[in-house]
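With the hints as your guide, set chain S onto chain E.
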Amino acid sequence: MRKVHARSLGIGDRTVMRVIPLGELSHEWTPELQYLVPVADAQDAQELRQLCTGGLHNLYPLLSESLWETSWQNNAVVGDVTLLEAGDVVVSQPHRNEIQVQYRPSDDHHAIFLTNRCNSYCLMCSQPPTPQDDSWLVGEAIEILRHILPSPAVIGMTGGEPLLLGPKLREVFDITAELHPTSRIDLLTNGRLLANPDCVKQLLGQLRANVCWLVPLYGHADFLHDFVVQSHGAFHETLAGLLNLQSYEQAIQLRIVLIEPVLEILPQLCAFIGRNLPFVREVAIMGCEPIGFALANRAQCEMDLGNWHSELLAGISALDRAGIPCILMNTPLCTLPSALWRYAHRSISDWKRVYVGECEQCLVKDACGGLFAWQEKGWRPGAIVPIREVMTT
Amino acid sequence: MLTDAYPTTLYPFRFRRLAPDNIVAVSETGDHIFLNDSTLSDLVHRFANFSAPQIAELKSKFFLGPPGGTPGLRRLISSRIAAKHETVLSGPSLHIIVPTLQCAHSCRYCQVSRALDDEGHTMSMDDLDAACDTIFESRAQALTVEFQGGDPLLRFDLIRHAIERIQTRNIGEQRHLRFVVTSTLHQLTEEMCQFFKAHKVYLSTSIDGPEELHNRNRPLPGKDGYERTLKGMSLARRIIGVDAVAALVTVTRNSLEYAETIVDQYVDLKLHDIFLRPLSNYGFAVKNAHALSYSHAEFAAFYAQAFERVIYWNRQGYPLREVGASIALNKVLSTHDGGYVDLQSPSGAGLAAIVYNYDGFIYPSDEARMLAEMGDFGLRLGKIGQPLAQVLKSPVQRDLIQASLGRYVPGCDECAYRTYCGPDPVNTYGRFGTTRAPIYLTDHCQRQMWLFDYLFQKLHGEDEDFLNLAFEWAKPNGG
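Respectively, the protein sequence lines represent chains E and S. Oh and the first sequence: position 220 is 220 in the working numbering, straight run, nothing missing. Oh and the second sequence: position 90 is 90 in the working numbering, straight run, nothing missing.
Isolated chain E (complex conformation):
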């Protein structure tokens, strides 16, 4: 997530606030939320002070260092006013001298982090799990949901493994359905705990929230998938979970991350999905991010997709034959055979996406999803070569 350098003065750690222009306070203010109000000059400061002394205790100014010294000298966020946008939902981190931007309305993708705990230990995990109790995170997630306005089309929710939250996850769903009835939740989960019928009933019975379940699958046999997620028994649990989701008519996107043990069996895995899980809405096949455990397991995770075209073509052909839609993510066009360009998706969040020098001369740069920012430091998903000629058939 984005972090902005700023001092939080007299504001508690991890206070969730919505950035709101002074002029909009009058018709949006409610006592349950916290507001961060950009203050441009002494006159704004004067106006805000009147509101505060008038009894609105949930307002904090966002102002520059000099303005704070001259006009406020009280609880405030002090930093560069221009780095935040109206509608941003931010969380204070006083001891780090920064605030986190947890939600920005103008972004294409939104993600809310629910837990850092996990019951799998994937070879290429981009967010290595921690064992500590972090149940405060879901409380903060609920606070963030309460501060979001207007409702986005899609809210991504991720972990860790959100199903470990048990009934708390249902609470997140219900609050989302209540506050953002038009939003779809994209929940990233390994689905293993959905093998338990009690868990499924508690989580899905009369569910109002519109959830799409993003579930990874890494093999067409137990020992293959279990190896990638480093958890014995995971394959059969995930299968049971997927079938339970289907029986509740839930939308499912399967996710396949392209590391070596997965690329080796991609055609067979896709054919398995076609035969056994034809009810999934979509399969997302994605390049591995050079981050987290992937850095430690570099030998299995650093792939030059240019060496795997026949597996990619055969895998996607198997999905096509089964009539299952497929998208490719985190795969720059120049690393793919051109026959697969039409599946490539501009999936990398705007603030994580970069293009490199080679891209400047590329004819298809505008259609390309680019690279993760950290691929500049880690490794690239293949040779980045400008496309200079586009064959049309």
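Hints in this document: simulated from the structure, not taken from any laboratory. Here a beta-carbon is modelled for each residue, glycine too, at the ideal position from N, C-alpha and C. Incorrect hints may appear among the rest.
Said to hold, decoys possible - Reference excerpt, derived from the structure (chain S facing chain E, CB under 7 Å, subset only):
| # | residue |
| --- | --- |
| 1 | P71 |
| 2 | L73 |
| 3 | R216 |
Quick look at chain S alone, frame taken from chain E:
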């Protein structure tokens, strides 16, 4: 080894030799693999010696798995098996109404049709109304109502009456309805087309091949049957739409030397489906067997030649689908049953399709009502107007079900293709006078075994273009 921590056992499967060293094996879920004598023996006796990729492949197709399964696996396998029976377990979806046996043709192989001046072979209005109402007693959400004959367009008044009655009833029922009229199209008028267009009625006709062959098979006094069918087809396409008419081929002895010409004819006519249907072995076709009939080997040679021609046209970029192969490929390659009445176990006769005949009786299939025309009423399920539930519980229907459970039928029980196929008890009855004859001696069995053998050999060839086509045809909506 990676697989060591995974106790593994052999799950049931059946197999069949396609060629001296090529064996196809099929698991209970209907997944298939190709083996040779050595790998078959290894699978049975020492699968632990297989490589990890081989074990993964066998597990992913349910030839191997953990002893006793897991909750997830048990659910997956049972839902795969259940999906194969969706069509026969969700209530009759194909309802055939035969309003009249009148027909202008005098085809030599036809079992049933009567001359135009024959007044005795038309359904009563009361029976027609009762049939329309009975259709809604089916639990099936999607209902196809097909009008057959004779030539039902000779009594367009009855078709119109039935469709209007069914549509009116459907305002409350909200079923997904589809209508088909099977006809020579000779009597088709603009007014009929307007009505069909308004009510989403599709037309089905017979085109046996080039004009000379078609007219030889289907004599009319004016010798202009072909020309008049084509005229009807172009009228329907102009008013109803390009996809208004589907056609099928009845293969007679005369057709055998024209395999490619027949297929080309369908391309010329801009048709995208072709259904190469062998003659039934009963009815008038049996009486005229010497002149019309052919051996199974002769049909197989014809079919293979025609099939290659169909593939040829697809490679040229002209989409053309052979319906019989599509039905079989759906069974082999698709998880979801295509909803065809054929190749079901238990049989789709009665459970998936039902015929309301002009004579006031209900039959389990088209062939069954044709047997009645020959004087054998043994397959009557009941009278039109009886509750559907009662008809489906009749002794005849029970017998058809019991006789068509492949698992319990000698010959089918051990057959590699059992998950894809089913005995045809009506065909057996027509041939042997009982539903309990040795299935493996029926024409139905011979033909289907041959077709599955043929298609599996094609699938084994692993030509990517052919595989793409096969999967396309296999889709439940027929691609």
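Here is what the structure says about each hint:
1. Taking 7 Å as the C-beta contact cut-off toward chain E, the hint placing P71/S at the interface holds, the least distance being around 5 Å.
2. Annotation: interface hint on L73/S holds; nearest CB of chain E at approximately 6 Å, less than 7 Å.
3. Here the hint on R216/S is broken, as its CB sits about 41 Å from the closest CB of chain E, past 7 Å.
Comparing the model with each earlier hint shows a violation of hint 3 alone; every other hint is respected.
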